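Produce the entire structure from the sequences given, and follow the hints as far as they go.
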Amino acid sequence: MSIDIKNICYTYMRGTPFEKKALDDVSVSIDKGEIVAVIGHTGSGKSTLVQHLNGLLRPDAGQVAVDGISLAGKDAAAKKARQLVGMVFQYPEHQIFAETVYEDIAFGPRNRGFEPEEVDKQVREAMAFVGLDFETFARRSPFRLSGGQMRRVAIAGVVAMNPDYLVLDEPSAGLDPRSRNAVFKEIMALHKSRGIAIVLVTHSMEEAVKYAKRMLVINQGRILFDGNPADIFKNHQQKLVEVGMDEPQVFKLAALLRKQGMELPQGITDDVTLLQMIKKAKGWR
Amino acid sequence: MLSDITLGQYFPGNSFIHRLDPRTKILATLIYIIAIFFADSFLSYAILTGFALAVILISRLPLLMVLKSLKPIMIIVVLTLGIHMFTAPGETVLFTWKFLSVTQEGLELGVKMSLRLMLLLLFSSVLTFTTSPIVLTDGIESLLRPFKKIGVPAHELAMMMTIALRFIPTLLEETDRIMKAQTARGADFSSGNLLQRAKNMLPLLVPLFISAFRRADELAVAMESRCYRGGEGRTRMHELLYKGIDYAAFGTIFALTALLAFLRWGTALCAL
Chain Z
1 MSIDIKNICY
11 TYMRGTPFEK
21 KALDDVSVSI
31 DKGEIVAVIG
41 HTGSGKSTLV
51 QHLNGLLRPD
61 AGQVAVDGIS
71 LAGKDAAAKK
81 ARQLVGMVFQ
91 YPEHQIFAET
101 VYEDIAFGPR
111 NRGFEPEEVD
121 KQVREAMAFV
131 GLDFETFARR
141 SPFRLSGGQM
151 RRVAIAGVVA
161 MNPDYLVLDE
171 PSAGLDPRSR
181 NAVFKEIMAL
191 HKSRGIAIVL
201 VTHSMEEAVK
211 YAKRMLVINQ
221 GRILFDGNPA
231 DIFKNHQQKL
241 VEVGMDEPQV
251 FKLAALLRKQ
261 GMELPQGITD
271 DVTLLQMIKK
281 AKGWR
Chain D
1 MLSDITLGQY
11 FPGNSFIHRL
21 DPRTKILATL
31 IYIIAIFFAD
41 SFLSYAILTG
51 FALAVILISR
61 LPLLMVLKSL
71 KPIMIIVVLT
81 LGIHMFTAPG
91 ETVLFTWKFL
101 SVTQEGLELG
111 VKMSLRLMLL
121 LLFSSVLTFT
131 TSPIVLTDGI
141 ESLLRPFKKI
151 GVPAHELAMM
161 MTIALRFIPT
171 LLEETDRIMK
181 AQTARGADFS
191 SGNLLQRAKN
201 MLPLLVPLFI
211 SAFRRADELA
221 VAMESRCYRG
231 GEGRTRMHEL
241 LYKGIDYAAF
251 GTIFALTALL
261 AFLRWGTALC
271 AL
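So the sequences go chain by chain: Z and D.
Residue 1 is where the first sequence starts when you use my numbering, and the numbers rise one by one after that.
Residue 1 is where the second sequence starts when you use my numbering, and the numbers rise one by one after that.
Rather than coming from a laboratory, the hints here were simulated on the basis of the structure.
Some clues are possibly wrong.
Said to hold, decoys possible - Below, computed lysine to aspartate or glutamate pairings styled on DMTMM-like, alpha-carbon distance capped at 25 Å:
| no. | chain 1 | residue 1 | chain 2 | residue 2 |
| --- | --- | --- | --- | --- |
| 1 | Z | Lys121 | D | Asp188 |
| 2 | Z | Lys74 | D | Asp176 |
| 3 | Z | Lys79 | D | Asp176 |
| 4 | Z | Lys79 | D | Asp188 |
| 5 | D | Lys199 | Z | Glu93 |
| 6 | Z | Lys80 | Z | Asp31 |
| 7 | Z | Lys234 | Z | Glu247 |
| 8 | D | Lys68 | Z | Glu19 |
| 9 | Z | Lys20 | D | Asp176 |
| 10 | D | Lys199 | Z | Glu115 |
| 11 | Z | Lys21 | D | Asp176 |
| 12 | Z | Lys20 | D | Glu174 |
| 13 | Z | Lys192 | Z | Asp31 |
| 14 | Z | Lys213 | Z | Asp67 |
To be verified - Below, a sample of chain Z positions facing chain D; criterion: calculated Cβ distance under 10 Å:
| no. | residue |
| --- | --- |
| 15 | Gln51 |
| 16 | Asn54 |
| 17 | Leu56 |
| 18 | Gln83 |
| 19 | Phe97 |
| 20 | Ala98 |
| 21 | Phe107 |
| 22 | Gly108 |
| 23 | Gly113 |
Predicted model only: the values in this text are computed from it and were never measured.
Using N, Cα and C, we set each Cβ at its ideal position, and we do this for glycine too.
Given below as structure tokens:
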């Protein structure tokens with residue numbers, strides 16, 4: 001069970017003077033239950049890539065298949081396969097349209113053809129996942145909520161479709177640190193309890209290292225690196241800086257301390273481990 | 001999806017025609033249109049057509065692309081040709097079929113009229129092909145300024161046009177994004193009967209209107225916070241200035257007009 005992308009190319013504004021090649025012969029496969037971070041600077045093609053995962057964009061060349069079913073088809077099977085991949089866009093709160101939170105979240109599952117009881121169940125579950133109390137919020141207008149709450153409603157709207165794969169395009173953009181952490185905590189909980197594969201598009205190296213076991217670095221429409229985030233940061237630091245990426249703060253701090261003569265092991269990915277290692281090196285308790 | 005739409009038909013380039021002042025191009029187009037009405041002989045039409053083709057050549061636009069802009073008026077052209085051919089009075093009858101007859105004079109008039117229409121559109125499309133919408137608006141504003149005294153709000157009109165032009169791509173992008181987001185949630189914009197389809201547009205239109213109003217509000221605040229107060233005494237970043245090439249262009253177009261005027265009335269003048 002996986003999403004398989006084979007040799008896809010995609011060009012925007014084909015045949016006009018504004019033509020721009022966004023993807024150039026990209027092949028990658030995303031397994032069920034994985035957490036994959038996709039990073040790259042603005043215009044690298046990462047958003048274009050993830051829009052191919054559920055058939056929103058059709059490649060000029062190459063194939064995309066979800067669980068073995070090609071997305072190119074127009075039949076019911078292809079339509080169903082597309083719905084296995086949930087997609088949360090950048091600033092997803094801009095897609096909210098319904099009069100109540102409940103109605104908005106129920107839009108997706110209804111379109112998927114769920115029975116009313118199933119819709120109700122999915123809405124309640126999705127709201128619980130994103131930390132919105134059903135009794136408090138279900139009947140309220142989504143336009144009267146705070147930014148963080150609106151974002152949660154929008155994410156719940158996708159989660160309620162019960163996808164097997166969930167693509168999130170910069171889910172933390174424009175949120176304050178508390179909301180950001182909360183959103184990620186909810187996404188990780190979702191991953192754990194339902195076994196949903198998560199594809200996380202992000203600018204933030206911290207997020208990639210913290211949440212993903214695998215990272216794709218996209219540059220100029222191609223996959224530059226594919227592997228464990230810590231390993232990539234360790235081995236290709238120079239190249240990453242060249243393509244406009246920056247290593248996580250934790251890495252920088254560790255490198256600085258090492259320069260000062262502190263003995264720290266390689267590959268520390270989070271602040272808690274770093275603190276422990278500093279304590280150990282200094283002999284503190 | 002929608003992102004593949006280009007606004008207007010501006011075709012970027014750096015040719016002689018591209019570099020002309022927008023006012024020069026607008027005025028030259030107007031003069032050319034007037035000159036077209038001077039033409040009556042086939043020689044004059046040949047000169048006009050040659051001039052238009054030369055301008056297209058100098059502008060380095062793909063000829064086929066410019067010719068494609070004639071497509072929407074083709075029906076009118078054919079209709080003009082037909083009506084003149086069959087109805088214009090004349091002596092020399094070329095052929096008759098039942099009650100329809102085609103005369104030499106009618107055919108000539110038809111060809112001339114159709115040519116007139118095509119040249120008109122061809123020449124004005126060179127203007128829009130070689131001038132970006134924003135620059136074009138600047139030119140229009142500058143040309144309208146003298147009419148301010150009789151109450152034409154030149155600056156306000158230009159500002160509205162600029163803002164509208166500026167936001168069309170943004171709104172298209174927004175529409176594209178929302179459409180994609182709702183499609184990902186299983187929305188269907190293309191099937192069902194008319195009523196069903198209108199209802200299906202709701203998830204697209206509501207967010208689009210909300211964002212358009214939000215953008216308008218933000219823009220108004222941004223303009224006011226930078227002390228926008230209309231066009232009075234405002235200086236510009238890109239001053240429009242007539243340069244050598246503009247005078248050359250004006251000279252050429254006036255020469256063309258004079259030539260056409262001479263071809264029409266010259267012999268009569270000489271006879272005097």
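Going down the list of hints, with the structure as the test:
1. At most 25 Å may separate the alpha-carbon atoms for a hinted pair to count; Z:Lys121 and D:Asp188 meet this at roughly 23 Å.
2. Using a Cα cut-off of 25 Å, the hinted pair Z:Lys74 and D:Asp176 holds, with the two alpha carbons roughly 21 Å apart.
3. About 20 Å separates the Cα atoms of Z:Lys79 and D:Asp176, which keeps this hinted pair within 25 Å; it holds.
4. Among the hinted pairs, Z:Lys79 with D:Asp188 is consistent with the structure: their alpha-carbon atoms are about 11 Å apart, no more than 25 Å.
5. Distance check on the hinted pair: D:Lys199 and Z:Glu93 sit about 21 Å apart at the alpha-carbon level, within 25 Å; holds.
6. Between Z:Lys80 and Z:Asp31 the alpha-carbon distance is near 18 Å, which keeps this suggested pair within the 25 Å criterion.
7. In summary, the hint linking Z:Lys234 to Z:Glu247 is supported, as the alpha carbons are separated by about 9 Å, within the 25 Å threshold.
8. For the proposed pair D:Lys68 and Z:Glu19, the alpha carbon gap of about 20 Å is at most 25 Å, so the pair holds.
9. Proximity of Z:Lys20 to D:Asp176 is assessed by CA-CA distance (about 17 Å); at most 25 Å being required, the pair is judged to hold.
10. Straight-line distance between C-alpha atoms of D:Lys199 and Z:Glu115 comes to about 21 Å, which keeps the hinted pair within the 25 Å bound.
11. With a C-alpha separation of about 19 Å, the suggested pairing of Z:Lys21 with D:Asp176 holds against the 25 Å cut-off.
12. This hinted pair checks out: Z:Lys20 and D:Glu174 have alpha carbons roughly 19 Å apart, not beyond 25 Å.
13. Restraint check for Z:Lys192 and Z:Asp31: satisfied, since their Cα atoms lie roughly 15 Å apart, inside the 25 Å limit.
14. A threshold of 25 Å between alpha carbons decides the hint, and for Z:Lys213 with Z:Asp67 the separation of about 21 Å falls inside it, so the pair holds.
15. A least Cβ separation of about 7 Å between Z:Gln51 and chain D falls short of the 10 Å threshold, and the interface hint therefore holds.
16. A least Cβ separation of about 6 Å between Z:Asn54 and chain D falls short of the 10 Å threshold, and the interface hint therefore holds.
17. Checking Z:Leu56 against chain D: minimum C-beta separation of about 5 Å stays under 10 Å; hint holds.
18. Look at Z:Gln83: its Cβ gets to within about 6 Å of chain D, closer than 10 Å, so that hint holds up.
19. Hint status for Z:Phe97: holds, given a least beta-carbon distance of 4 Å to chain D, under 10 Å.
20. Taken as an interface hint, Z:Ala98 checks out: its beta carbon lies about 8 Å from the nearest beta carbon of chain D, inside 10 Å.
21. For the restraint placing Z:Phe107 at the interface with chain D, the shortest Cβ-Cβ distance is roughly 6 Å, inside the 10 Å limit, so the hint holds.
22. Among the interface hints, the one on Z:Gly108 holds; its C-beta lies about 4 Å from the nearest C-beta in chain D, closer than the 10 Å criterion.
23. For Z:Gly113, the interface hint holds, since its Cβ comes within 10 Å of a Cβ in chain D; the closest pair sits about 8 Å apart.
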